[in-house]
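2 protein chains.
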Amino acid sequence: MTTSTDATTASAWRDLSPLMNPRSVAIIGASQRTTSALNREPRGNRVIRNLKGFGYPGKIVAVNPKYNEVMDCPCYPEIGAIPEPVDCVILAVPNRHVPDLLESAADAGVRAAVVFSAGFAETGAEGKERQARLETLSRERGFLICGPNCYGVLNVYGKAPLFASTIPPGFLAGPAALVSQSGGLSTTIANALMLNRGVGLSHIVSCGNQAGATVEEYFNYFIEDENTRVIAGFVEGFKQPYKLLEVARKAAARNKPLIILKGGRSEVSQRAAATHSGSLAGAAEVIDAAFRQTGVVSVRSLNELMDAVSIFSCDKFIQHYRGGRRIGVLSGSGGECTLVSDAASSVGLEVPELTEKTKTELQEAVADFGNMNNPLDGTGAMYDDEKIFPRLLQALIDDAHIDVVTVNLEANDPRPKELKSGNRFSAAIEKAAASSKKPIACFSSIVGGPVDPEILLPLRAAGVPLMEGAECATTTIRNLAEYHEFQRNRQTDAATETAVAPAKKLPSGIMPAEAAFRLFEEFGIPVVPTLLARSADEASVAAARMGFPVALKIESADITHKSDVGGVALKLSDASEVRDAYSRLLDETGRRAPHAKIDGVVVQRMASDGVEMILGVKRDPLFGPVVLCGFGGILVEVLKDVAVGIPPLSLAEAGQMVQRLRGFAILGGVRGKPPSDIDALCGAIANLSRMASSLGDQLAGLDINPLIVLPKGNGVVAVDALIQMR
Amino acid sequence: MTTSTDATTASAWRDLSPLMNPRSVAIIGASQRTTSALNREPRGNRVIRNLKGFGYPGKIVAVNPKYNEVMDCPCYPEIGAIPEPVDCVILAVPNRHVPDLLESAADAGVRAAVVFSAGFAETGAEGKERQARLETLSRERGFLICGPNCYGVLNVYGKAPLFASTIPPGFLAGPAALVSQSGGLSTTIANALMLNRGVGLSHIVSCGNQAGATVEEYFNYFIEDENTRVIAGFVEGFKQPYKLLEVARKAAARNKPLIILKGGRSEVSQRAAATHSGSLAGAAEVIDAAFRQTGVVSVRSLNELMDAVSIFSCDKFIQHYRGGRRIGVLSGSGGECTLVSDAASSVGLEVPELTEKTKTELQEAVADFGNMNNPLDGTGAMYDDEKIFPRLLQALIDDAHIDVVTVNLEANDPRPKELKSGNRFSAAIEKAAASSKKPIACFSSIVGGPVDPEILLPLRAAGVPLMEGAECATTTIRNLAEYHEFQRNRQTDAATETAVAPAKKLPSGIMPAEAAFRLFEEFGIPVVPTLLARSADEASVAAARMGFPVALKIESADITHKSDVGGVALKLSDASEVRDAYSRLLDETGRRAPHAKIDGVVVQRMASDGVEMILGVKRDPLFGPVVLCGFGGILVEVLKDVAVGIPPLSLAEAGQMVQRLRGFAILGGVRGKPPSDIDALCGAIANLSRMASSLGDQLAGLDINPLIVLPKGNGVVAVDALIQMR
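One line per chain: the protein sequences are A and B, in this order. Going by this note's numbering, the first sequence opens with residue 1, and the numbers climb by one from there. Going by this note's numbering, the second sequence opens with residue 727, and the numbers climb by one from there.
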């Protein structure tokens, strides 16, 4: 289980080199028998074959009491018997042997291990116990463990494949590092990137249950690695959520895009993830907030992951991209023009009209076919006359309304090769890209079918990535635009993370209203004038001092829903009404909640009219306190229209939360109401996030309901609130 | 432009045989010169080559004054000179010659034509005029035209490829008919279906601008065609929307799934569609309603289209499918189990827990790995021990909680062939499918990469379709489930289409309130007691008769927003208040709307408390009057939470509209309110749809705002309404 106790301490990062780039390895589980009882090559032998095939420069030894050598490597009866120091042991043995072996390896001075076996936290009690021993070893002795329940680590430039799966020939080295909790998906993704997208890899890590090294640690290693420029992850659960936030911010600061496909968004898939890697998946909306606030490129499918890695790792394309969501589209199919426009619109890209200048020039340069607009339909003419395509392409490159040029290219049309026309267009695209200062990308109509390497590879070399399908391509360009917007805001948004002093220890249970209101005011959240009265006289004096109309509310730690027991009186307009209400409230609650201990009655100035919102803080199992906001009433209760943020929140981040609400337009003034004070609302959210950080683990939950957002310039005011301390 | 005037007349369908299955064809635009100036084969020659290559059994002649024969076919100087009757001419000539040639063909007794050339309604005024001549020919003389701006018609079983694009060798005949407005996409989709999915085709039609034959007519032809069992379309705009509804209902009645990818959902893509095929795309939400009400399988991408055609055309699979949304998932990758669960959940499928019986049997039958649940992770064990996979598969087939079994199979893993493991699993799946009475489908992790025909084709023969990617596969099964649900409801939902008598001609403009309210009552929509008063006395008498409290509203055809000019007074509780209000309303509106002609004041009984909704009718350019419903206030104004239905609407369809509203739960009773009378609301919607049908083209628009939905059992009541006649 994960806790958020490391939230307040600055993270120290372990050096993963003994695991990721070991000078020497020892394989336990290799044999002179090259086929197992199941007629399969033993995993240990496969690792040795991988190491040799990949040209591993370090020392390889085996551990097996039966032999003196295995596959031409020296073999020793036990780890302690190996004469030279060993950086990393690789365990291809049944799970029941793993804990003892790792402990003896640590005793022998080994610093890291890769454990392939399944049967740990993802299974029953026995497995969980086994995993606990590995976690102790990692935590207490700094022993680095990849796995268990994984395929291991493949460091491409270090030529160190501590990897259980067969490595295909023609492995493509490149700038993308991949970490996947799933072993199967690690190779599926890696192979698809290399073969379908022409993207080379710097590392593949299948990290399994993360009993030792976590995805956060691998991300950090990749950020520091000079061969890696883009980081991709398939993750089911985060073990060190606060390190995730830190490492994601670090990746953004170094401009290394961190692209994550997070599995386990639904209840069933959370069950599946727990079964698969013993991971706690976390609430999807909180993970989304964490990604958004730290600039993680969040993708929703394997194909989106691949296209994102493809585009972010295409250097020339990225260099030419200056931000913006306006795409130009060139296709020989009018139908595809329609479809890509639909796809662009649904993900939030624009397909703007071309400038008048471009339209005029096109009309002059090219014969009269169709309308010259964006999307630009080359029609059959583009196939019949080879002068046309380059002119259309150049027109989009030169047009001032276009940020990214996209070309629909049938590189993976399933037609037999002799019918393909993609190649002559790809040559024209390469030529245009050579002199273009604008990014150009290609996309296919249908996802699937063979990708022609003769089209793919030269285009990629020219800085033109190839994406599959209009939907995925437009989503990917939108993701790129969002990343760019995040980076721009990150640089202008001044450092907001001024440290928040932790609050002193406060009593547990529901905080009394007066104390709660004082605390809000301390953190700069305005509250309506509120006083506790213990008699009708005190109440009427307090009311007169704060000004009428007022409300009276019964004060008792035993009553959470005051209006349910007749404990609320509103709109009292003079002293006698206050006195009457005081007695009525005591009578009524005495009758309806006879066992509640009553501390008195709270007198509150009635707030002016405005938009009623709800702010809150709840505890997330991964990230600790998270801030919520939504509109009071139907929108939050029926439509669950709630935005989530992880403290600390800057004013800009608070603003983004508010804008994400589906009812956002309400704050602009609807149905004859004036615009609301959105700035003050953002201030209250940011201040609430500081308050949540300060209270930290003490805080069980908090609700401000309602917070009245007054007309622009008049601020906000909290009317009712509940703070529950642990 | 399309009109909805054919709404009330029963459609007569033209016989498309002379176009789709001609006994003889004449090609205009073929030549003895086999390459054009642009070094390309002339289209006319390509058609002759296609006809001969495909074994066309009819007579082929050419028309060209220069030759006596072309490609071994007799050639005549003009159409009139051909001695035998010709069913269909094929025009591969510049667009300017087309209208004259078609008219002379019609004069010569030819009954159909295929026109490839572009340059008609999709371009400027000259093109629109050219197209108008073709439309006249079609409409007035019944001349059948495919195109212009298309690739033509390919009738596979009739061996009649009147088709401009090269037809690849190894064309696969089968049950799927395809019509696409886009020529490029027609071949892209067809080739992908054949090569990536193993789906055979009965027809390919690229219908272009639909100047003559429309997609509705092709659909009808396919429904009547005995070789076709599944119909697929890529459509940008419907030319005969009311025939669409009729033909879609006919397809549903014959149980031939009609699968449509409708382009032009966004503003930009509507512009693109207009440019591409001169089509009016129509409002996306109205098209969605039309599809939903008639059982069209609506897909959103080319890949969804392909997977839908693949699954619906896989006979054994469909025979075994008995409805239901519960899928069982078997994968060797735990990561994929997580992802497919996320995908299933997001499209509305269930991944239920297995029965205790299955779990127990699995524990006994298979070694202890992971938890035995759904999704079922076969882990590495499934690869190591070949007995395991068939047992896991059979467990899902036998489990009572599962409606459809899905297997994650790496048939299009881009790994080199020697590393593939899919084949041995596919053999096991074929074996299981042979005795299974439950549908089984396979899906790949990543969309894209080569599909191995050695896996694809035998599986398909065994009734196991292959889909690409978890997202697309789950969407497709959801589409299948929805189609099944539609068919079940269609059979139980009694015929609701009792003919509605058209209303007599009513005056244009805003209908007076009393008349409007009488009309609502005539159609069974309850209204609050409402009387027009012309004096304060009349008003107070009327109020006393209907009972207090009442509201007064100024009555004037010149005032649309009465409260804006002080023309409304609410909650009047006795006769003197009514008298005072009467004078005040007249004074106030006289001052604020001095030029309005005042007809008096409407007296209305105040309605009881309930949920305020808005019902309305607006005119859609394609479908004529459509019915809208939504919640009053924020939900409709800010969140645009509106449901659309096309008249006539049954009670069940009205219920589905209401359930689609995001705020639907409000009607169940929230925030302490009682449940609302949903049945009465549905009745009002269905009655409003009858009223819209009856008023027909006379109706410009109609709003009931608010319609109060009272607590369950108490009905609904319209409080205010506006009817605008044309």
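Mixed in with the good hints, there may be bad ones.
With a cut-off of at most 25 Å between alpha-carbon atoms, the simulated SDA-like pairs for lysine to any residue come out as follows [stated by the list, open to error]: (1) Lys1113(B) to Arg33(A); (2) Lys673(A) to Lys1297(B); (3) Lys1344(B) to Lys1297(B).
Hints are computed from structural coordinates only; laboratory data are not their basis.
Hints, verified against the model:
1. Lys1113(B) to Arg33(A): Holds: lysine 1113(B) and arginine 33(A) sit about 23 Å apart, inside 25 Å.
2. Lys673(A) to Lys1297(B): Satisfied, since the Cα-Cα distance of roughly 23 Å is no more than 25 Å.
3. Lys1344(B) to Lys1297(B): 31 Å, violated
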